[in-house]
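Asks: The residues making up each chain are set out below.
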Amino acid sequence: MSQLVYLVPMFPLIGFLINGLGRNVLPKPLVGIIGSAALLASFVVSLLIFNEVRTPGFSAVTVNLFDFIHVGKLNVPFAFQVDQLSVLFLLIITGVGFLIHVYSTSYMHDESPSSYARYFAYLNLFVFSMLLLVLGSNYVIMFIGWEGVGLCSYLLIGFWFKNADYNYAARKAFVMNRIGDLAFLIGIFWIFAQFGSVNYADVFSQARPGASAHVLTGITLLLFIGATGKSAQIPLYTWLPDAMAGPTPVSALIHAATMVTAGIYMIARSNVLYSLAPATQGVIAVIGLCTAILAASIAIQQNDIKKVLAYSTVSQLGYMFLGLGVGAYTGAVFHVMTHAFFKALLFLGAGSVIHAMGGEQDIRKMGGLRKFMPVTSITFLIGCLAIAGIFPFAGFFSKDEILSRAYAHNPVLYVIGILGALMTAFYMFRLYSLTFAGKFRGTHDQEHHLHESPAAITIPLIVLAVLSVVGGWVGIPEFMAPNAHVLSKFLEPVFANSHVAAPPGEIAASTEWALTIGSLVLIIGFCTWGYMKFKNFTLAEVKESTGLAKILENKWYVDELYDAIIVKPINWIAGFLNNVVEKLGIDGLVNGVGKLVQYGSRQIRLLQSGQVGIYVLLMVIGIVVLFVLQLFFPNLI
Amino acid sequence: MNVTQILFWLLSALTVFSALVVITRKNPVYSVLWLIITFISISGHYILLNAQFLAVVNVIVYAGAIMVLFLFVIMLMNLNADAEPQKNKWLQFAGVIAGGCLALVIIAALKNVDAKARIAETGSDIGLIENLGKVLFTQYVLPFEISSVLFLSAMVGAVVIGKKN
Amino acid sequence: MPINYYIFLAVILFCIGVVGVLTRRNAIIIFMCIELMLNAVNLLLVAFSKAHHAVAAINAGPAGTTAGTDGQMFVFFIMVVAAAEVSVGLAIIVMMYRNTHSVDVNFLNRLKH
Numbered sequence: 001m002s003q004l005v006y007l008v009p010m011f012p013l014i015g016f017l018i019n020g021l022g023r024n025v026l027p028k029p030l031v032g033i034i035g036s037a038a039l040l041a042s043f044v045v046s047l048l049i050f051n052e053v054r055t056p057g058f059s060a061v062t063v064n065l066f067d068f069i070h071v072g073k074l075n076v077p078f079a080f081q082v083d084q085l086s087v088l089f090l091l092i093i094t095g096v097g098f099l100i101h102v103y104s105t106s107y108m109h110d111e112s113p114s115s116y117a118r119y120f121a122y123l124n125l126f127v128f129s130m131l132l133l134v135l136g137s138n139y140v141i142m143f144i145g146w147e148g149v150g151l152c153s154y155l156l157i158g159f160w161f162k163n164a165d166y167n168y169a170a171r172k173a174f175v176m177n178r179i180g181d182l183a184f185l186i187g188i189f190w191i192f193a194q195f196g197s198v199n200y201a202d203v204f205s206q207a208r209p210g211a212s213a214h215v216l217t218g219i220t221l222l223l224f225i226g227a228t229g230k231s232a233q234i235p236l237y238t239w240l241p242d243a244m245a246g247p248t249p250v251s252a253l254i255h256a257a258t259m260v261t262a263g264i265y266m267i268a269r270s271n272v273l274y275s276l277a278p279a280t281q282g283v284i285a286v287i288g289l290c291t292a293i294l295a296a297s298i299a300i301q302q303n304d305i306k307k308v309l310a311y312s313t314v315s316q317l318g319y320m321f322l323g324l325g326v327g328a329y330t331g332a333v334f335h336v337m338t339h340a341f342f343k344a345l346l347f348l349g350a351g352s353v354i355h356a357m358g359g360e361q362d363i364r365k366m367g368g369l370r371k372f373m374p375v376t377s378i379t380f381l382i383g384c385l386a387i388a389g390i391f392p393f394a395g396f397f398s399k400d401e402i403l404s405r406a407y408a409h410n411p412v413l414y415v416i417g418i419l420g421a422l423m424t425a426f427y428m429f430r431l432y433s434l435t436f437a438g439k440f441r442g443t444h445d446q447e448h449h450l451h452e453s454p455a456a457i458t459i460p461l462i463v464l465a466v467l468s469v470v471g472g473w474v475g476i477p478e479f480m481a482p483n484a485h486v487l488s489k490f491l492e493p494v495f496a497n498s499h500v501a502a503p504p505g506e507i508a509a510s511t512e513w514a515l516t517i518g519s520l521v522l523i524i525g526f527c528t529w530g531y532m533k534f535k536n537f538t539l540a541e542v543k544e545s546t547g548l549a550k551i552l553e554n555k556w557y558v559d560e561l562y563d564a565i566i567v568k569p570i571n572w573i574a575g576f577l578n579n580v581v582e583k584l585g586i587d588g589l590v591n592g593v594g595k596l597v598q599y600g601s602r603q604i605r606l607l608q609s610g611q612v613g614i615y616v617l618l619m620v621i622g623i624v625v626l627f628v629l630q631l632f633f634p635n636l637i
Numbered sequence: 001m002n003v004t005q006i007l008f009w010l011l012s013a014l015t016v017f018s019a020l021v022v023i024t025r026k027n028p029v030y031s032v033l034w035l036i037i038t039f040i041s042i043s044g045h046y047i048l049l050n051a052q053f054l055a056v057v058n059v060i061v062y063a064g065a066i067m068v069l070f071l072f073v074i075m076l077m078n079l080n081a082d083a084e085p086q087k088n089k090w091l092q093f094a095g096v097i098a099g100g101c102l103a104l105v106i107i108a109a110l111k112n113v114d115a116k117a118r119i120a121e122t123g124s125d126i127g128l129i130e131n132l133g134k135v136l137f138t139q140y141v142l143p144f145e146i147s148s149v150l151f152l153s154a155m156v157g158a159v160v161i162g163k164k165n
Numbered sequence: 001m002p003i004n005y006y007i008f009l010a011v012i013l014f015c016i017g018v019v020g021v022l023t024r025r026n027a028i029i030i031f032m033c034i035e036l037m038l039n040a041v042n043l044l045l046v047a048f049s050k051a052h053h054a055v056a057a058i059n060a061g062p063a064g065t066t067a068g069t070d071g072q073m074f075v076f077f078i079m080v081v082a083a084a085e086v087s088v089g090l091a092i093i094v095m096m097y098r099n100t101h102s103v104d105v106n107f108l109n110r111l112k113h
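Chains as they are written, first to last, in this note's numbering: chain A, 1 to 637; chain B, 1 to 165; chain C, 1 to 113.
To be clear, the hints were calculated from the coordinates, so they are not data collected in a lab. Note that this is a predicted model, so its numbers are computed, not measured. Take the hints with a grain of salt, since some may be wrong.
Covered by chain B, per the in silico footprint, the following chain C stretches (three or more residues, Cβ under 8 Å) [what the hints assert, rightly or not]:
1. 6-20
2. 42-51
Away from chain A, derived, C-beta distances all over 12 Å, residues of chain C [said to hold, decoys possible]:
3. P2
4. I3
5. T23
6. A27
7. V55
8. A60
9. A67
10. V80
11. A82
12. V105
13. N106
List time: in silico DMTMM-like cross-link candidates among lysine to aspartate or glutamate, alpha-carbon distance up to 20 Å [what the hints assert, rightly or not]:
14. A:K550 <-> A:D304
15. A:K371 <-> A:D445
16. B:K26 <-> C:E85
17. B:K26 <-> B:E84
18. B:K87 <-> C:D104
19. A:K365 <-> A:E553
20. A:K162 <-> A:E111
21. B:K89 <-> C:D70
22. A:K73 <-> A:D165
23. A:K550 <-> A:E560
24. A:K533 <-> A:E560
25. A:K543 <-> A:E553
26. B:K134 <-> C:E85
27. A:K439 <-> A:E553
28. B:K163 <-> C:E85
A virtual CB, placed ideally from N, CA and C, is assigned to each residue, including glycine.
I would like the entire structure built from these sequences, with the hints used as guidance.
Replies: In C-alpha cells:
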C-alpha cells in the first residue's frame, strides 16, 4: 500500500487542475464536491497507508518516482518517504483538510462561481504542496512543497484581492516567508556541501556526534531561521496575524492547522541533526518560549476574534518550538496534532460566528451568542478548554508533555511556560465570555439575523470537537498510566537516533503529579477569572486603554519597530539609490554617452560637406597615417 | 660625372620645376603647356633608360594627343585665369602639408634601399621597337587585343556622355 | 646611377601631383595632375625595368636576356588605359560644364545628400 503513496498528493493535484481550469464552466456544487472528494480520497489512502505503517516492525519506505535533478554529484530523486512521522502528518493534513473543505462549501457560498472555483483550486493546490512537503524524501522536495504552501498562502490571504489592505497582508506574509526561505535554501546548500547529498537517509546516517559541531550548528540554525519564517516565530511572526485577511477556513487550514506547522515538521524530521547541535536547541527553546509569552500577552488585549486566535496560534507554535528545543520531539509533534484539532475547531467556530454576525469580527460587539448558536457555542467551549489545557481535553496532554520535558531540562523554562499557559487560559476564556456569554451588544439588525449555521458548518465543528476531546488520549503520560503513550511508541523509530544522542531527562512521578495538579488548578482559576471578568462586559466600559494595556493592544509596537529599523532605512537607501545614484549616476552616464555621441556627430557631420577636395585631402592624410604606421611601427598592426 | 649623369640631373630639375609650375599657374592653358614640357622631359628620362619606344609613344600619345585634347577642352570652355576658381587658403595650405608629408614619409621609408642596385650605364636593346613588338604580339597579344575593345568602349562612353540629352 | 635617384624623382613627381589635386578646384587641372601621377609611376616602372635588366645582364650577358621587357609592356598598357580614361574623363568634364557652366569641383557636392 505504501507504494501507492503518490496517490495521496495526486488527488488534490487533479482537483486543483479540474477546478482551476474549469472555473468558468463548472457549477458551484460540483466544484465543492470535486474539491472535497479529492481530499476524502487522499484521506482514505492515507488511512490505508497508516494501517500498514502501524504494524510493528515497519521500517521506512522510500518510493522513487523519477529522477528530478541528476547533475554531476548532485542526485535529487523525486521520491516520497513513508514513515511514522510523514504518515501522521498525512492524516492530519488530509483529515482536517477534508473537514475544512466541507466547511468551506457552505462558508464560501456567497462567492461568484468563478471565484468559488478559484478558492477550491487554491485550497487543493495548497494541500498538494503541503503533502509534497511532508512526503518528500529529501530536502529539495521538501523545499518545493515549502515554497508551494507559501505561494498558496499568499494567494489565499489575498483571495479578496480587490481590497488593498488584504493585498498588503498577503505581500507581507510572502516577503516574511521569503526571508526565512532564503536561510532554509542556504541551509540546504550547506547540507549538500557537507554531506554530498540532500536525502534524509544519507544525511542522517552521516551525522555523527562530535563531527564538525560548528557546521551542524550553522546548518541547523539556518534551517531554524527558515522555520521561524514559515512557523511565525520571533522575529518573523508579524505576518501571521495580518494573514487573517484571508477567508476564515483558510486561516483554519493554513494558518493554524497545517502550513505553520511545517517548521515543526522540518525540525522534527531533522531531529538527528538538532540533537547533535545543543547550541541551536538552546536558541530554539528560548525563541519558542519568548514567542509563546509575547504572543500570549498580545492576545489578551486584542478585540478581533480572528486576531486573538492568530496570536494564540503564534503562542502555541512557540510551545511546539520549546518542545523541539528541549528535545521533546514527540511532544512537539503531539502538540501539532492536538493543536490542529482544537485550533481548526476554534477558527471554524469563529468563522461560524462571523458568518452569523454578517462579517462583524469585533468581539466587543458580540456577546450572548450562546442561545442563538448552541452547537457553535458548545464546540467553541470545547476548543477553549482544549487549548487552555484542562484535563482531559487534548491540549492538556500535549502541553503537559512539552512542559514536563522543559522542567526536566530547566525549571525556569517550565515556570515561564506555565505563565504563558495561564495567559492562554485567560485570553481564551475572555474570548469565549465576550462572544457567547452575557447580553448581545450588536445592532438590532444583526440580532435579527442571528442563526445557527447549516449542517456543512456544524458537522465539521462537531467532528473536530470530538477529536479535541479524545485526540489527547493517544499520549497519556507514563506517570498516569504505564505504557499508555501510544503516540510515543508509534513515533519511536523516527526519533530513536536522537534519543540515543541526547537521552531525555527523567523526573520522578511524584514531582510530575504535583506539577500537573498545581498547574491545572492555576489554569482553571485563570479560566474562571477570564470568564467572570468579561461576563457582564458592556460597550460602556470601553475606554482608552493606558500603560501596559495600550502597549499590548498595539502588539508591543513590533510592527512599528520593524518599520523603523528595517523598512524605513531600506526605503531611504532605495530612495537614495533611486534619486541620486540612478538619476545622476546611471542615467547621467547613459544620457551622457547619448549626448556625447549626438554632439560629436553634429560636429563630425560638418566634415561631410560633399566637397570632393576635402574628401581627397582626408584620404591622403589617411594614407600618410597608414604609411607611417606600416613603415615605422610595424609591430603596432 | 659623365654625360648621362649630367643629363639626368638636368632632366630631373626640368621635370620637377615644370611639374611645380603646372600646379601653380592660374591659367589652365599655361598648365597644359608646362605639363607637355614635363612629359617631354620624362621622355628624355626614358631615353636615358634605354626605353626608346616608350619615349616616342610618350611624346606622341601624351604630349601630343592627350594634351591636345586637354587644350581643346579648355579652349572650348573658354577658361582663363579670371574664371579660375580659388580654394580656401587654409585648405591649400593643408593640401601642401599633406602632400609634403606623403613625400617625406615615402622618401624616409625608401632612403635605405640598397644603393648597390645600380642601373647599368651600358645600353640595352630591350626598349627597341623590334624587341617590344615581339613580346607584345606573342606573350601579350591577348591584353593587346582586349585593349582595343577597351578603346572602343571608351569611345562609345565618351560619345554617350558628351551627347546632348 | 643609383636607382634611389629615380625613386626619389618619381616620389616627388607623384607628390606634386597629389598636392595639385589637393590645392586646385579646377577639374581639368586636377585631371592633369592625375596624369602627372600616372607618369611618375611610369617613370618608376621603366627605371625598375632597366635595373632588372642590368642585374640579369650581369649573369647572362647583355644580348642573352630579355629581362625587363615586362616592365616596359606595363608602361605601354598604362598609357593605353590612360588614353581611354582621358577620353571618358574629358567627356564627363564637358558634360559637367554644360550643366553648371563651371569646372569647379566644389559644385559637385551632391555627395552630401
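Asks: Are the hints correct? Go through all of them and say.
Replies: Each hint tested on the structure:
| no. | hint | result |
| --- | --- | --- |
| 1 | 6-20 | holds (count 14) |
| 2 | 42-51 | holds (count 7) |
| 3 | P2 | holds, 20 Å |
| 4 | I3 | holds, 19 Å |
| 5 | T23 | violated, 9 Å |
| 6 | A27 | violated, 9 Å |
| 7 | V55 | holds, 25 Å |
| 8 | A60 | holds, 34 Å |
| 9 | A67 | holds, 29 Å |
| 10 | V80 | holds, 26 Å |
| 11 | A82 | holds, 19 Å |
| 12 | V105 | violated, 5 Å |
| 13 | N106 | violated, 5 Å |
| 14 | A:K550 <-> A:D304 | holds, 15 Å |
| 15 | A:K371 <-> A:D445 | holds, 17 Å |
| 16 | B:K26 <-> C:E85 | violated, 25 Å |
| 17 | B:K26 <-> B:E84 | holds, 6 Å |
| 18 | B:K87 <-> C:D104 | holds, 10 Å |
| 19 | A:K365 <-> A:E553 | holds, 17 Å |
| 20 | A:K162 <-> A:E111 | holds, 13 Å |
| 21 | B:K89 <-> C:D70 | violated, 44 Å |
| 22 | A:K73 <-> A:D165 | violated, 47 Å |
| 23 | A:K550 <-> A:E560 | holds, 14 Å |
| 24 | A:K533 <-> A:E560 | violated, 31 Å |
| 25 | A:K543 <-> A:E553 | holds, 13 Å |
| 26 | B:K134 <-> C:E85 | violated, 27 Å |
| 27 | A:K439 <-> A:E553 | violated, 24 Å |
| 28 | B:K163 <-> C:E85 | holds, 18 Å |
Of the numbered hints given earlier, the model fails hints 5, 6, 12, 13, 16, 21, 22, 24, 26, 27; all others are met.
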